[in-house]
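A.B. asks: Using the sequences provided together with the hints, build the complete structure.
Number of protein chains: 2
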Amino acid sequence: MAKEITPREEDYSKWYIDIVKKAGLADNSAVRGCMVIKPYGFAIWENMQRELDRMFKETGHQNAYFPLFIPKSFLSKEAEHVEGFAKECAVVTHHRLMNDPDGKGVVVDPSAKLEEELIVRPTSETIIWNTYKDWIKSYRDLPLLINQWANVVRWEMRTRLFLRTAEFLWQEGHTAHATRQEAIEEAQQMQRVYATFAEEFMAMPVIQGAKSANERFAGAEDTLTIEALMQDGKALQAGTSHFLGQNFAKAFDVKFSNQNNKEEYVWATSWGVSTRLVGGLIMTHSDDDGLVLPPRLAPIQVVIVPIPKPNGEINEVAESLMDELKAKGISVKYDQDKKKRPGFKFAEYEMMGVPVRVGIGKRDLENGVVEVARRDTKEKSQVALEGLADNIQQLLEDIQNNLLSRAKAYRAEHTTEVNTFDEFKDVLANKGGFISAHWDGTSETEQKIKELTKATIRCIPNDAVEEAGKCVFSGNPSTKRVLFAMAY
Amino acid sequence: MAKEITPREEDYSKWYIDIVKKAGLADNSAVRGCMVIKPYGFAIWENMQRELDRMFKETGHQNAYFPLFIPKSFLSKEAEHVEGFAKECAVVTHHRLMNDPDGKGVVVDPSAKLEEELIVRPTSETIIWNTYKDWIKSYRDLPLLINQWANVVRWEMRTRLFLRTAEFLWQEGHTAHATRQEAIEEAQQMQRVYATFAEEFMAMPVIQGAKSANERFAGAEDTLTIEALMQDGKALQAGTSHFLGQNFAKAFDVKFSNQNNKEEYVWATSWGVSTRLVGGLIMTHSDDDGLVLPPRLAPIQVVIVPIPKPNGEINEVAESLMDELKAKGISVKYDQDKKKRPGFKFAEYEMMGVPVRVGIGKRDLENGVVEVARRDTKEKSQVALEGLADNIQQLLEDIQNNLLSRAKAYRAEHTTEVNTFDEFKDVLANKGGFISAHWDGTSETEQKIKELTKATIRCIPNDAVEEAGKCVFSGNPSTKRVLFAMAY
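Taken in sequence, the protein lines are chains R and H.
All the letters of the first sequence, read from the start, carry residue numbers 501 to 988 under my numbering.
All the letters of the second sequence, read from the start, carry residue numbers 501 to 988 under my numbering.
Calculated directly from the structure, the hints in this document are not laboratory data.
In this list, chains with the same sequence are indistinguishable; a pair is considered to hold if it fits within one copy or across any two.
Once the Cα atoms are required to be at most 25 angstroms apart in a straight line, the calculated PhoX-like pairs of lysine-lysine come out as:
1) K613 with K587
2) K809 with K838
3) K980 with K950
4) K587 with K577
5) K878 with K521
These numbers come from a predicted model, not from an experiment.
C.D. replies: Given below as structure tokens:
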């Protein structure tokens, strides 16, 4: 089974798609650019959702649900927003089909044309701020801290499973505040929440920073981002949190009367992560044998394989181990299939990235041990039955930590400071990864670097050190280094 | 606050909308027929989702996600299905907007017309069975037990918040089986799961039965239903489970090789419940003072109100009670707002249907008691601090049980056996509720009764007794009684 995966060295893109398909995560669908998320892939997304949803609620947010459709005119109300999102979107123009008068099948009924076209939401700022107009009257209605789990559609021309699809699943937070400062702090808080989730659950280290003006969300005053580094040296924008200023409040006329009874426009943020995270998870940890999952997000954390087949004695040990693991909140599967050989099962669970595999064989049992294999390093060891469940629990934590350390080490190796544009191009071509370089702060320079190298500014790191320097491209003065990279 | 609700006697429809809006459950949106589900309403739906999702997983189902869009040609592949669903749907015809050459705003870009129109899914049988074609090859791939949580769109002309909206949220199970019998049993199992959920969590008794041919799902061989009775004597179809035979397998050419290596078409079921359940929940229990929620689905199960205001002593009692309740898994809110009077808060939480209200006042504390009010009966009593959390836990169970008994009693009073068509019309006009009557089994009779009275056959109950009788309309022989009613 593992042999069917294209090695990373040979073709990284093909390796990625092989993993997605052979681990049973997702498939292309009959609809251009839309994917089918298969049960195993969806279970990973559900685990992500559960933790994120908890973190959102712990920071005071509530879930709600807004319409799938946005009236066309709403998009035009915020000038930059319409530039960013009106270009490639799904447009609903009719509300009825009819039997084809010329033959079989159905055709659009021309008499059922909508007065105003509806856009399938590419993001929901406009419909939500149009609603907030009714909800917000006074400072007592603020802050309004709302999140939505939803599907959105952006008509992407080049799609790739999870990473870029026409329809994707995401959450979008939309908050409203009485002051500029409070909104900025909210945007920063959610960036931290995303970073914590990425590191603690996905074991995916991220750089927290701000986007340059060129890369900002359409309609934002500031876009905060978390940027991860994939194993091919390309960056992945994994989540963004936007300070929207009063742009949407002005576009939709959302005012509140403050404590002095004076009317002011409301301050806004929005923030989102999507099923793209599943793509990032795959590319951060997996290897040429298949998926590698961090235990905290793995749908199956431990699999038990009887060697060579289930029997009374093995079943007894397996079932008692399952009970102990379940009591610790660990998800476990006992594979009793009698038709598949152990070697086949081993390859299958390696492909699926199950963090820990326990092999129970007759001879081992005589010695009071079982074989425990960890997916991340592929190490195997004989572990005593006595204290086995505790050992496995510890091993899951070790794996979680090891995955994070390994990814951090990879990122450290692939973050390079450069001081000349020749170095910049050399690192980009031969090493990849993040390039830390001085930049003069202008959109023109950023644009030229992008045209020449395809690299973009991933972010201006939150923790960038103030230091005098010269822009790697223009030679003009700069006060801090920013991170460039090729990106997904 | 409570005074703002229209009494049921005066205008039941207006009462319903008043509750939905004033309890903060949902609002109309700027998009025709689409609703905004507000945080409090969404929290009820999340509680429903959590329990249903658990029940689906306990019966062996996994979640997955399929595309929002369905190619137009797919709808035509199942003849009855297209009749049922192609008529009123949202049709995507273009994938781009452009700046209006004649002025402001954006218009549809005529050059971005899709080759084949896409339909926003009204239900997903077609796109899912088109996918199952790739997933199912052998009997070893069966059964395939999949559920999807999703939004769907049906272009309804007359909409009502939660009960009938153009876009709604739901789950749709889609299963594939090797035998007819297994598929039938699956459809029956999911009907039971829905009935259990309705009774145990919603405290909403339901009749389990089968739909007549006229009322079947478009493409089903048999539609099983759970039917509830609302307080205005109208029935609500609360969930359906369909045995689809081999219709979709044939339409999408989904075959499997059986154990004898012979190819056969796959057998199918689909089943769904939606945000309509929130409407059913409201109409089953609420009264002229607002929403009444069964404790098991209430976002806030207990609210603590300081009388008249929070102070050190009251806070101490409230916080220790909160800790004890939370330790029991009970959700509790302590309302420390100093600007609102207790009476205002009481009305507010009555409107919101919070099952138990605890009032803590200085004088009561001197006597070692607090005031506990239950929302269902509006009874108040003095309860000792000693053992208070245990008492509240018991009270929540009592309320849950009382709501179910009350609804069952209402239904029993409003289920009437009739033997003549005059009686039938009389009961329908003057009493409402379910009418249990003999029916000759023909669509013609059913259709005529509907034309004359607007009543429909809600179901042929699973537990209908075999008895010789005469059709209430045609006088032709009948073997069992069926349930008629006016319906939502």
